[in-house]
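A.B. asks: Residue-level listing of the chains:
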Amino acid sequence: MRWEGPLLILMRLLRAGLTLWIVISAVFILARVGGDPVQYLLPPDIAGPEREDLRRILGLDRSIFVQYLIYLENIAGGDFGRSFFSSRPVSDVFFERLPATISLMAPSLLMAVVIGVPAGVLAAVYHNTVIDRVLMALSFIGQSMPSFVLGIALILLFSLMLKILPSSGDGSWQHYIMPIATLSTILAASIARLTRGSLLDVLNRPFITFARGKGLPRFSVNITHGLRNALLPVVTLIGMQIGALIGGTAVIETVFAWPGVGRLMVDSVIRGDYALLQFGILILAGTVIICNLLVDASYLLLDPRLRSRGAA
Amino acid sequence: MMTSGHLLDIQNLRVQFTTRRGVVTAVHDMSFTLDPGETLCLIGESGSGKSVTGLAITGLLPKERVCSGSVLFNGRNLLDLGDRQMRRIRGKEIAMVFQDAMSALDPVHTIGKQIVETLMAHEDITYRAAWDASVEMLGLVGIPDPKQRMLSYPHELSGGMKQRAVIAIALICRPRLLIADEPTTALDVTIQAQIIELLRALQSRLGMALLFVTHDLGVVAEIADKVVVVYGGRVVEAAKAASIYESPRMPYTRALIDLAPHFDRPRPRGERLPAIPGSVPDPSVQLSGCAFAPRCSEAESRCTEIAPSLEEASARHLVRCLRWRDLAPFPRRELGA
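In order, the protein sequences belong to chains A and B. By the count of the UniProt record's numbering, the first sequence reaches residue 312 at its end, each step adding exactly one. By the count of the UniProt record's numbering, the second sequence reaches residue 337 at its end, each step adding exactly one.
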């Protein structure tokens, strides 16, 4: 029994490592199926021999399998290669774009939680009333609308028609409003729906009737006993959304011409910049895996039953 | 405002649920009274409306329900009270203990927190003082090492200990009425006896009235002063406990007594557990006659046509049966669980 906890953690880490390896390999193969990067890197009028030289410099003359082994070996040594496009180390190129993405994601996530959770609680507590119906109708629209549609609609309204907000770039605080509004609307909608569903489940449990029977105030019944028990799936969703957000920002960053990593990934696909693409995907996958581990760890905080099982 | 000398005086309580299929009456014209220090057992099979009665008294039924009649508690009609006023009575003057202690406790909070919050919701008291009072109450309900148990989570306690903790929460404000809805059903037999004993001891110590909802006649024999037998949402027999045991009038009550375990009449090995044939009537179906008639061994043709009313068979012994005068005396049974 004493070994169960550490063993569980070890298993989790092994699984995380395995996931990363699969992601790396899949991206490696998919990128190479996509076409010849030399074609994108050199103008069409450059002759054959120069093309072969570049291919050799980039290591693309060898078989895919050998390329793969070299790639794995380099990663193990901490060398992720250089961007085919700019010749700079991929990590430099990637990380200088990261702050722009985080400055979108973090406030969006915060907004989504601050709006989504209370909206879900209100809908559940006022189940089957006008409040519930209105909130759920709004969240249904928010959830089913693709992010680029919402983004473009906002640009049309606020930039082109009302001319009060800039449509693209990241020059001032006004530039943040529409991308954050777009991202957080969609997130808040799914958080509100899940919070409502999970809380409705909990509010039907006998301990809620007992809590009411104790004469506790409504807030205490609904929040201290209700929401506190309903949080587990909500936290899971938020953790998974962080991962989805990183990928999802690619669309939003493209719509608003935001200089973040999402757009960088899209660009490197278009340019055939394998090395940069591989590094980007590796970091994104790593972030998702870390978020999942953090979600698992947060279960221990939220549910004492899991805590004592780990400790026993 | 009506006044009555009783602690709890229920008159013509009717509980109706609005469902998709229409209005369903779960409790029909229920009446009984309870005095301080007294124990009343509400007995019947599951689905007979006895739990709904308990919930109706405390106003814990879902919003879709409609209650009529009156539930006088200390002369105040609880059915007229608003949510806020009702909340001040719940947990403070009327406490409830439910069937399943496992699910009555919130799994993510400590036992201590769950008792303390109850006390603090009703009394102007510091956290410290509430904590000390809670430790004392845990000791009173027989939980060993109460200081430590305050910090335990529900899943760390056994079933019996959990039910004791639930009782401690219910009693922390020293209520004048405790409604216990099958508080021992989920427990094994030896623990059941301990919990019953505990409730009885605490009842006389705190001088509270006990409304005990059960289907177990062995328990009833041990604790009841009065018995109200419920069938199909109606009172079918009501009397002092001794009177019910000595001369049960209603065939349904007789059948229940026959089903209870008897020490003097051990069941032969291999014989099937006895049960009343048939099942509890569907409350959404309107019956013209006696609700028990389809399952009754004494039923005549008129039983399915004429609805019997509650009649006084002897002093303060009410029975709802067309044939109670014709039935043979019931042989005396020794009960024990």
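Because the hints were derived from the structure by calculation, they are not lab data. Treat the numbers as computed from the prediction; the structure is a model and nothing was measured. The beta carbon of each residue, even a glycine, is placed where N, CA and C say it ideally should be. A few of these clues could be false.
Label pairs and their calculated CB-CB ranges [said to hold, decoys possible]: (1) Gly139/B <-> Ser103/A: 52 to 62 Å; (2) Thr236/A <-> Ser288/B: 35 to 45 Å; (3) Ser158/B <-> Leu14/A: 44 to 54 Å; (4) Leu156/A <-> Gly82/B: 47 to 57 Å; (5) Leu81/B <-> Thr236/A: 53 to 63 Å; (6) Arg307/A <-> Glu312/B: 36 to 46 Å; (7) Pro331/B <-> Pro217/A: 46 to 56 Å; (8) Gln143/A <-> Thr19/B: 56 to 66 Å; (9) Gln148/B <-> Thr236/A: 28 to 38 Å; (10) Asp29/B <-> Arg307/A: 48 to 58 Å.
A.B. asks: State for each hint whether it applies.
C.D. replies: Against the structure, the hints come out as follows:
Take Gly139/B and Ser103/A: their Cβ atoms lie about 57 Å apart, and the range 52 to 62 Å holds. Against the hinted window of 35 to 45 Å, the Cβ-Cβ separation of Thr236/A and Ser288/B comes to about 55 Å, which falls outside the hint. For the pair Ser158/B and Leu14/A, the supplied restraint of 44 to 54 Å is violated, since their beta-carbon distance comes to about 37 Å. The hint said 47 to 57 Å for the Cβ distance between Leu156/A and Gly82/B, and at roughly 50 Å that hint holds.
Between Leu81/B and Thr236/A the CB atoms are about 41 Å apart, so this pair departs from the stated range of 53 to 63 Å. The hinted range of 36 to 46 Å is not satisfied by Arg307/A and Glu312/B, whose Cβ atoms lie roughly 60 Å apart. Taking 46 to 56 Å as the suggested C-beta distance range, the pair Pro331/B and Pro217/A conforms, at roughly 54 Å. A hinted range of 56 to 66 Å for the beta carbons of Gln143/A and Thr19/B is inconsistent with their spacing of about 31 Å.
At roughly 33 Å, the beta carbons of Gln148/B and Thr236/A sit within the given window of 28 to 38 Å. About 51 Å separates the C-beta atoms of Asp29/B and Arg307/A, a value consistent with the hinted range of 48 to 58 Å.
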